[in-house]
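Whole structure, please, built from the sequences with the hints as guidance.
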Amino acid sequence: MKIGLEIHVQLNTKSKIFCGCSTSTSTEPNTKTCEICSGAPGSKPVLNKEALHQGIKVALALNSKIAKTTFFSRKSYFYPDMTKDFQITQYEIPFASKGKLENINLRRIHLEEDPGALIHKGSTCLIDYNRAGIPLIEIVTEPDFKSPNEVRLFLRKLITILEYLEVYDRKSEATLKADANISTTGEKVEIKNITGLKEIESALDYEARLQEKTPASKQETKRWDPDNQKTQTMRTKESEDDYGYIFEPDLTKIELSKELVSLLKKEIPELSLDKMSRLESEYKLKKEDAEVLSSEKKLAEIFEKVAEKIDPELAAKWLIRDLRKILNYSKLTFKDITLEVKHVIELLDLFQNNKINDKTTKDLLIKLTQESFSPKEYVKKHHLELDSSNLEKFCEEVIKENKKAVEDYKSGNEKSINFLTGMVMRKAKGTANPKEVEKILKELIK
Amino acid sequence: MIIQHYLKDVKEKNISITKTIKSILREAKTLNKKHNCFNIITEDLALEQAEEQEKSPSGRLAGLPISIKDCICVKNVESRAGSKILKDYEPTFNATVIQKLVDEGAIIIGKTSQDEFGFGGFSTNTDNIPKNPFDEKVSCGGSSGGSACFTQLTKNPHASISESTGGSIANPASFCSVSGLTPTYGLVSRYGLIDYANSLDKIGVMTKTTEELFPIFNVIKGHDKKDSTSLNEKPSNDNKVKKIAIIKEAFEINPEIKNQTLANLEDYDVISLPLNKKYSIPTYYIIAMAEASTNLAKYCGLRYGQTLPLQGSFNDFFSEVRSKYFTKEAKRRIILGTFTRMAGFRDAYYLKAMKTRTLLINEYKKAFKKYDVLISPTMPILPPKFSEIDKLSPLEQYQMDTLTVGPNLSGLPHLSVPSGFIGKLPIGTMLTSNHLEEEKIINFGEQIEQRN
Chain A
1 MKIGLEIHVQ LNTKSKIFCG CSTSTSTEPN TKTCEICSGA PGSKPVLNKE
51 ALHQGIKVAL ALNSKIAKTT FFSRKSYFYP DMTKDFQITQ YEIPFASKGK
101 LENINLRRIH LEEDPGALIH KGSTCLIDYN RAGIPLIEIV TEPDFKSPNE
151 VRLFLRKLIT ILEYLEVYDR KSEATLKADA NISTTGEKVE IKNITGLKEI
201 ESALDYEARL QEKTPASKQE TKRWDPDNQK TQTMRTKESE DDYGYIFEPD
251 LTKIELSKEL VSLLKKEIPE LSLDKMSRLE SEYKLKKEDA EVLSSEKKLA
301 EIFEKVAEKI DPELAAKWLI RDLRKILNYS KLTFKDITLE VKHVIELLDL
351 FQNNKINDKT TKDLLIKLTQ ESFSPKEYVK KHHLELDSSN LEKFCEEVIK
401 ENKKAVEDYK SGNEKSINFL TGMVMRKAKG TANPKEVEKI LKELIK
Chain B
1001 MIIQHYLKDV KEKNISITKT IKSILREAKT LNKKHNCFNI ITEDLALEQA
1051 EEQEKSPSGR LAGLPISIKD CICVKNVESR AGSKILKDYE PTFNATVIQK
1101 LVDEGAIIIG KTSQDEFGFG GFSTNTDNIP KNPFDEKVSC GGSSGGSACF
1151 TQLTKNPHAS ISESTGGSIA NPASFCSVSG LTPTYGLVSR YGLIDYANSL
1201 DKIGVMTKTT EELFPIFNVI KGHDKKDSTS LNEKPSNDNK VKKIAIIKEA
1251 FEINPEIKNQ TLANLEDYDV ISLPLNKKYS IPTYYIIAMA EASTNLAKYC
1301 GLRYGQTLPL QGSFNDFFSE VRSKYFTKEA KRRIILGTFT RMAGFRDAYY
1351 LKAMKTRTLL INEYKKAFKK YDVLISPTMP ILPPKFSEID KLSPLEQYQM
1401 DTLTVGPNLS GLPHLSVPSG FIGKLPIGTM LTSNHLEEEK IINFGEQIEQ
1451 RN
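Chains as they are written, first to last, in my numbering: chain A, 1 to 446; chain B, 1001 to 1452.
Hints are computed from structural coordinates only; laboratory data are not their basis.
It is possible that some hints are incorrect.
Derived BS3-like pairs: lysine-lysine, alpha-carbon spacing no greater than 27 Å straight-line [what the hints assert, rightly or not]: (1) Lys1242(B) <-> Lys14(A); (2) Lys287(A) <-> Lys100(A); (3) Lys1331(B) <-> Lys75(A); (4) Lys1225(B) <-> Lys253(A); (5) Lys1225(B) <-> Lys68(A); (6) Lys1243(B) <-> Lys1370(B); (7) Lys1366(B) <-> Lys75(A); (8) Lys1324(B) <-> Lys68(A); (9) Lys49(A) <-> Lys1234(B); (10) Lys1352(B) <-> Lys1365(B); (11) Lys49(A) <-> Lys1022(B); (12) Lys258(A) <-> Lys362(A); (13) Lys1226(B) <-> Lys14(A); (14) Lys1277(B) <-> Lys1370(B); (15) Lys253(A) <-> Lys1355(B); (16) Lys325(A) <-> Lys335(A); (17) Lys1226(B) <-> Lys68(A); (18) Lys1366(B) <-> Lys253(A); (19) Lys380(A) <-> Lys400(A); (20) Lys75(A) <-> Lys1328(B); (21) Lys1278(B) <-> Lys75(A); (22) Lys75(A) <-> Lys1225(B); (23) Lys429(A) <-> Lys380(A); (24) Lys1278(B) <-> Lys1424(B); (25) Lys253(A) <-> Lys1365(B); (26) Lys75(A) <-> Lys1226(B); (27) Lys446(A) <-> Lys393(A); (28) Lys1355(B) <-> Lys68(A); (29) Lys1226(B) <-> Lys253(A); (30) Lys1331(B) <-> Lys49(A); (31) Lys1137(B) <-> Lys1277(B); (32) Lys1277(B) <-> Lys258(A); (33) Lys1243(B) <-> Lys75(A); (34) Lys253(A) <-> Lys1352(B); (35) Lys1331(B) <-> Lys253(A); (36) Lys298(A) <-> Lys14(A).
Now the in silico label distances, taken between C-beta atoms and shown as ranges [as the list claims (entries may be wrong)]: (37) Ser257(A) <-> Gln1004(B): 43 to 49 Å; (38) Asp1103(B) <-> Thr233(A): 23 to 29 Å; (39) Lys298(A) <-> Asn1362(B): 26 to 32 Å; (40) Lys1234(B) <-> Arg278(A): 49 to 55 Å.
Bear in mind that the values here come from a model prediction, so they are computed numbers and not experimental data.
Backbone N, C-alpha and C fix where the C-beta goes; we use that ideal spot for every residue, glycine too.
If you want it as structure tokens, here you go:
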């Protein structure tokens, strides 16, 4: 099986690729448009350098060759989401080519403008041009994937790199789209315009299973129907699409000097793979922990700051086991929360020095993802510090009040001790260390 | 009264702006009935601007009436580039040149008639065909026919902002006996110009006499960050013309035109530009049509301009709107232009033409190493009657651009100056200089003009 991808990624520049309109699409339809992105007669595009620079950084991170000069072309086709009925894209000479991400070769990377969005409502169709002109990069791979699973792993790695470069927002799934070519022993099938990582995986899984049963007998273009999780034939191909490319005469050739490229290279942060091996050796972490921490840039940043003050192993454990779990549970990302590192340090410092117990630490960590406060003051104010002065008294009371459980424990039911510990913890209102409680209980019952 | 004198009088308050504007509006309305030089006369806008300028005249062109070729966007004024498909279309923004002119106090009196999107050399490919000032049965030339026509006819101080892709300023300037300057490509911002062929389009100016070009040219030129192809260089202020040459191939035409053109010249060499003679017409038409066919795609009835009830698939709808509102010539250029860039033909036509264009530019560049100004007649024929134009095939019509496409393809500044009459019809002489050397041709143009 051979799979090749054309991946479209929306860059997150502040303004559109050829005009000054904002790229935020979460507003009223057709309010983030101007004469340029709506294609009014007489308007002309001017390249937003930021889009090109972001693109070059991605290309460098994907080990690509940057062209010395590059230019834009017009790709002509009629479609209602296109304001000019041609798309400004790159054809002959993309700004980057011959890249590689692990075992997958990348043929080319080019810049282009996103069309508007068609919104189907019953029998009518509305058009929102807010999206028209948002910068895209298209990454074209060689047909190097041997299974949908390889695609999945590749895209995850790609997304991590894009996140590290801060050009991609994981939350908005729509910002990653792909066309996929897939062939087994038969002809090539192209699946057009699949949106989001999950759908790309599902579409390829579906088509791979289909073709393993019956290899395609003719070249076909299909569409992915995400509602029914099926591919559908759009057309069988007799010839290539003809877009009648010409050079974009409203834009000039762009020189990509060595100085510019090396300047942009310097702006590239340490990427995930490098970060992973550094975390592993520098903090003596387990490989799996280093991998999880480096899979998200923000997480790794929090970790390194916390590890300056807190035992790295302990920090890693709390950040991976608890913080990530909390976020996953509430479907949040690091970008959505206002977590101040100094508060995490304060909290873990209390725990590390045996001032608060495991449960209090966890509760406060959850609370910290929701609001900003000083754990130290909070613990003080709510009397959550560990306090063993009354522990024996509480234990004696619990033993008196729960005679049956005590008997059960004595007759060999080990679990009863957990129940009794719980009762003591309740009395201590979180100021007790459960291990210590258990120890006292066992001694008293003996 | 020439423009410079009028501007001086305004400055010294010897003349009323409102009175001048009222007079030229009256004149425009009367002339328009007979000559169709305007698609729209912007009376209210002009009077409003005049009143403002009367109160406090400001800017280098304070109070000067100007007409604008229809293809240049004027905010809130119908700008349809001579096309029916853009009827009633009012841009939401001013072209950069318009903004510059208005900021300098110029007063817009109307949009002049033209071939649809600039497609033609006789201003006949449109619904409002301008008629020659010297004979109503004769063409004004094109595509800026309306601009040239009114510039010749008006008795008031006036300049017309026009546009050339392959000769659309020089050609009508010659046919209507006015001065028409096409500046270096990129020297005047194209922002707000409704595109014909972007790599060739140049905004320029027409005035009755050559010396009047200066004040307008000085205002409209200059870098514009809204137009990526806008030049960031200043034109040379060296206006000394030391050596001139006539272009050999350009004089292999009507002997009357040849002789009268040469009669105005002395001390010239003869230079041959064989590549331009052979290849400029096909190169020009391939590039111009390829670009035009993409530029016209956006006119599909969906977002602005004329439309029809939404029926069938979007492809059917687009085709119906475009079939109904484009002229035959626009359709011809869409089809030919699309053909030259189709897979399988693109290498042989579009890409070849792009390469040839470089050779043609180099041929000119070589000539300018030796000469300051190259000279030819502007047009190979006298202004033809409409009845004669009807008999020409499209190819014969395209051949009429043979003398003007060269400098246009090479982005070179060129000027057509009035050079007398043959019978009652005028001829023009075309002067071409190296890039950014507009001052040389304007200076030399004044000399030729004075000999007539």
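TODO: Take the C-alpha atoms of Lys75(A) and Lys1226(B), compute the straight-line distance between them, and say whether it is at most 27 Å.
DONE: Holds, at roughly 22 Å.
Task: Given hint Lys1370(B) paired with Lys1243(B) - CA-CA distance at most 27 Å - done: Within the cut-off at roughly 7 Å; holds.
TODO: With 26 to 32 Å as the target window, see if Lys298(A) and Asn1362(B) comply at their CB atoms.
DONE: violated, 56 Å
Task: Hinted pair Lys253(A) and Lys1355(B), Cα distance within 27 Å - done: holds, 16 Å
Task: Cβ distance range 49 to 55 Å for Lys1234(B) and Arg278(A), holds or violated - done: holds, 54 Å
Open item on the list: Just to be careful, I want the Cα atoms of Lys1366(B) and Lys253(A) compared with a cutoff of 27 Å; is the pair within it?
Closed with: holds, 24 Å
Open item on the list: Check whether the Cα positions of Lys380(A) and Lys400(A) lie no farther apart than 27 Å.
Closed with: Given that 27 Å is the threshold and the Cα spacing comes to 31 Å, the pair is violated.
TODO: Verify the proposed pairing of Lys1366(B) with Lys75(A), using a straight-line Cα cut of 27 Å.
DONE: violated, 35 Å
Open item on the list: For Lys1352(B) and Lys1365(B), compute the direct alpha-carbon distance and say whether it is at most 27 Å.
Closed with: holds, 20 Å
Open item on the list: Need the status of pair Lys75(A), Lys1225(B): alpha-carbon distance at most 27 Å?
Closed with: Holds, at roughly 25 Å.
- [ ] Note whether the CB distance of Asp1103(B) and Thr233(A) lies within 23 to 29 Å or breaks it.
- [x] The hint (23 to 29 Å, Cβ to Cβ) is violated, given that Asp1103(B) and Thr233(A) are roughly 58 Å apart.
TODO: Decide if the proposed pair is consistent with the structure: Lys1226(B) and Lys68(A), CA atoms, cutoff 27 Å inclusive.
DONE: Measuring from Cα to Cα gives roughly 25 Å; hence the hint holds.
Checked against the numbered hints above, the structure violates hints 1, 7, 8, 11, 12, 19, 21, 24, 30, 31, 32, 33, 35, 38, 39; every other hint is satisfied.
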